[in-house]
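Peer 1: Sequence:
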Amino acid sequence: MFQKKTRKSLTYTSAILTAVVAGLTLFPISSARATAAQDSAAASATFKTKCALCHGPDGSGSEVGKSMNVPDFRSEAVQKLSDAELAQVVSDGKGGMPSFKGSLSADQIHVLVKHIRAFAAKK
Numbered sequence: 001m002f003q004k005k006t007r008k009s010l011t012y013t014s015a016i017l018t019a020v021v022a023g024l025t026l027f028p029i030s031s032a033r034a035t036a037a038q039d040s041a042a043a044s045a046t047f048k049t050k051c052a053l054c055h056g057p058d059g060s061g062s063e064v065g066k067s068m069n070v071p072d073f074r075s076e077a078v079q080k081l082s083d084a085e086l087a088q089v090v091s092d093g094k095g096g097m098p099s100f101k102g103s104l105s106a107d108q109i110h111v112l113v114k115h116i117r118a119f120a121a122k123k
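One point on numbering: in the numbering used here, the residue at position 6 of the sequence shown is 6, and numbering is uninterrupted.
Any given hint might turn out to be false.
As the list claims (entries may be wrong) - Each computed DSS-like pair below joins lysine-lysine, with the alpha-carbon atoms no more than 25 Å apart: (1) Lys50 / Lys101; (2) Lys48 / Lys80; (3) Lys66 / Lys80; (4) Lys50 / Lys66; (5) Lys66 / Lys94; (6) Lys48 / Lys114; (7) Lys80 / Lys114; (8) Lys101 / Lys66; (9) Lys114 / Lys101; (10) Lys94 / Lys48; (11) Lys50 / Lys94; (12) Lys50 / Lys80; (13) Lys48 / Lys66; (14) Lys50 / Lys114; (15) Lys66 / Lys114; (16) Lys101 / Lys48; (17) Lys101 / Lys80; (18) Lys94 / Lys114; (19) Lys94 / Lys80.
Just so you know, these hints were derived from the structure itself, not from any lab.
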């Protein structure tokens with residue numbers, strides 16, 4: 001009788017521990033996905049307010065941007081730049097492009113670079 005209760009108790013304890021471990025394992029994954037979605041939404045909003053006027057909503061360049069010879073974000077020339085190079089251009093500006101280091105954090109610039117990378121697939 002005692003062994004039966006011990007075995008049953010051990011089974012319940014194992015099931016509870018398994019559920020706890022699974023929950024702790026899966027929570028960071030779902031949290032990471034939520035963070036990625038938030039980063040994407042934030043990058044999209046930042047792009048619309050800071051970049052789209054010249055670079056266009058799809059990264060190909062607006063009429064204003066094309067008149068200033070802004071690069072097409074979908075082009076191989078832009079996409080072959082390293083993340084650090086793209087971040088530096090966003091941060092410091094280049095040619096007629098203003099610097100954004102005073103209005104965007106390093107994290108915002110990082111997610112913006114990831115957003116720019118996504119334009120390569122849309123060409």
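Peer 1: Does each hint hold? Answer for all of them.
Peer 2: Against the structure, the hints come out as follows:
1. Lys50 / Lys101: Holds. Lys50 to Lys101 sits at ~12 Å (cutoff 25 Å).
2. Lys48 / Lys80: At roughly 23 Å apart (the allowed maximum being 25 Å), Lys80 and Lys48 satisfy the hint.
3. Lys66 / Lys80: 20 Å, holds
4. Lys50 / Lys66: 16 Å, holds
5. Lys66 / Lys94: Satisfied, since the Cα-Cα distance of roughly 15 Å is no more than 25 Å.
6. Lys48 / Lys114: 15 Å, holds
7. Lys80 / Lys114: 13 Å, holds
8. Lys101 / Lys66: Since the Cα atoms of Lys101 and Lys66 sit roughly 24 Å apart, the hinted pair holds (cutoff 25 Å).
9. Lys114 / Lys101: 17 Å, holds
10. Lys94 / Lys48: 19 Å, holds
11. Lys50 / Lys94: It holds: about 15 Å lies between the C-alpha atoms, which stays within 25 Å.
12. Lys50 / Lys80: 22 Å, holds
13. Lys48 / Lys66: 17 Å, holds
14. Lys50 / Lys114: The given pair, whose Cα atoms are some 15 Å apart, holds under the 25 Å limit.
15. Lys66 / Lys114: Judged against 25 Å, a Cα distance of about 23 Å means the pair holds.
16. Lys101 / Lys48: 17 Å, holds
17. Lys101 / Lys80: 23 Å, holds
18. Lys94 / Lys114: Distance of about 19 Å is within 25 Å: holds.
19. Lys94 / Lys80: Status holds; Cα separation ~17 Å.
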